[in-house]
Amino acid sequence: MTRSRRKLLTMVAESGLEKRLVAVLHAAGARGYTVSAAHGEGPRNQRAGDISGGNIRIESVLSEAVLDEILAKIATDYFPHYALSAWVTDVEVLRNDRY
Amino acid sequence: MTRSRRKLLTMVAESGLEKRLVAVLHAAGARGYTVSAAHGEGPRNQRAGDISGGNIRIESVLSEAVLDEILAKIATDYFPHYALSAWVTDVEVLRNDRY
Amino acid sequence: MTRSRRKLLTMVAESGLEKRLVAVLHAAGARGYTVSAAHGEGPRNQRAGDISGGNIRIESVLSEAVLDEILAKIATDYFPHYALSAWVTDVEVLRNDRY
Numbered sequence: 003m004t005r006s007r008r009k010l011l012t013m014v015a016e017s018g019l020e021k022r023l024v025a026v027l028h029a030a031g032a033r034g035y036t037v038s039a040a041h042g043e044g045p046r047n048q049r050a051g052d053i054s055g056g057n058i059r060i061e062s063v064l065s066e067a068v069l070d071e072i073l074a075k076i077a078t079d080y081f082p083h084y085a086l087s088a089w090v091t092d093v094e095v096l097r098n099d100r101y
Numbered sequence: 003m004t005r006s007r008r009k010l011l012t013m014v015a016e017s018g019l020e021k022r023l024v025a026v027l028h029a030a031g032a033r034g035y036t037v038s039a040a041h042g043e044g045p046r047n048q049r050a051g052d053i054s055g056g057n058i059r060i061e062s063v064l065s066e067a068v069l070d071e072i073l074a075k076i077a078t079d080y081f082p083h084y085a086l087s088a089w090v091t092d093v094e095v096l097r098n099d100r101y
Numbered sequence: 003m004t005r006s007r008r009k010l011l012t013m014v015a016e017s018g019l020e021k022r023l024v025a026v027l028h029a030a031g032a033r034g035y036t037v038s039a040a041h042g043e044g045p046r047n048q049r050a051g052d053i054s055g056g057n058i059r060i061e062s063v064l065s066e067a068v069l070d071e072i073l074a075k076i077a078t079d080y081f082p083h084y085a086l087s088a089w090v091t092d093v094e095v096l097r098n099d100r101y
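Chains as they are written, first to last, in my numbering: chain A, 3 to 101; chain B, 3 to 101; chain C, 3 to 101.
What the hints contain is simulated information worked out from the structure, not anything from laboratory work. None of these values were measured; they are calculated from a predicted model. A couple of the hints might just be wrong.
[Claimed, not checked] Listed next, the stretches of chain B that the computed footprint assigns to chain A, with coverage defined by at least 3 CB atoms under 8 angstroms from CB atoms of chain A: (1) 21 to 34; (2) 62 to 74; (3) 80 to 92.
[Claimed, not checked] Not everything, but these chain A residues come out facing chain C in the computed CB check (under 10 angstroms): (4) S17; (5) G18; (6) S38.
A virtual CB, placed ideally from N, CA and C, is assigned to each residue, including glycine.
With the hints as extra help, turn the sequences into a complete structure.
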């Protein structure tokens, strides 16, 4: 079965940022995303999840072009101001047309 | 420490499909799986999670042969009918005999 | 945008192990982690999550050196005694200094 290469972006942030981060995904052309509740700790001992109702873990399967646009946006608008973690993984999908 | 290569399959679907998708994993020979609650949005603006009690995110570490069998099954029986997302990641495991 | 290569370690265990596994991460030098609630099944039909309040899924982005130290520790102290699953994924991060 043919698989196509895509990028999986995972972001972890305080839950109050969910709507804004989803808007960033949509604006860049992401076609779907998955959100799970989470808690944890960041490199500055931030524990945002304890204060504000938990963290969220958002993941989205993206083309390289859409990924680049999202990374540029979050690097400029979010990294300087928020405890946002983000990492990128190579993934394969079956349904080429969905992502 | 020696690591062995495996495949991680991640599937996101409405929570009502959990039992059936777990049965697909078992039937193909998967030896374990992890389920987390999730919500989100798919490429057709499906928001199944809002209607039916949320989505689930199922992940399972698999051999390539088991993965292929599961992908063939979900491509035939689930993709045409359900808002199921699936992606595959290369992973490494320490315990060769568990997966 | 420059991305740096790191390793993502994902561990799944019963929730009672969360504090101890987080201590293992910290002791090795991990700078952050994310925990989500989960349930599931392991290769020996363990269903720890049913008994003890659920499983947890812990993930942490690490350097290769920190990863190796954590894997050595869990292989010695946890794998023989607990239903702990662990897998490693190659990831890329934007913020070199955080991980």
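Verification of the hints:
{"no.": "1", "hint": "21 to 34", "in the structure": "violated (count 0)"}
{"no.": "2", "hint": "62 to 74", "in the structure": "holds (count 3)"}
{"no.": "3", "hint": "80 to 92", "in the structure": "holds (count 7)"}
{"no.": "4", "hint": "S17", "in the structure": "violated (13 angstroms)"}
{"no.": "5", "hint": "G18", "in the structure": "violated (16 angstroms)"}
{"no.": "6", "hint": "S38", "in the structure": "holds (5 angstroms)"}
Hints 1, 4, 5 from the earlier list are contradicted by this structure; the remaining hints agree with it.
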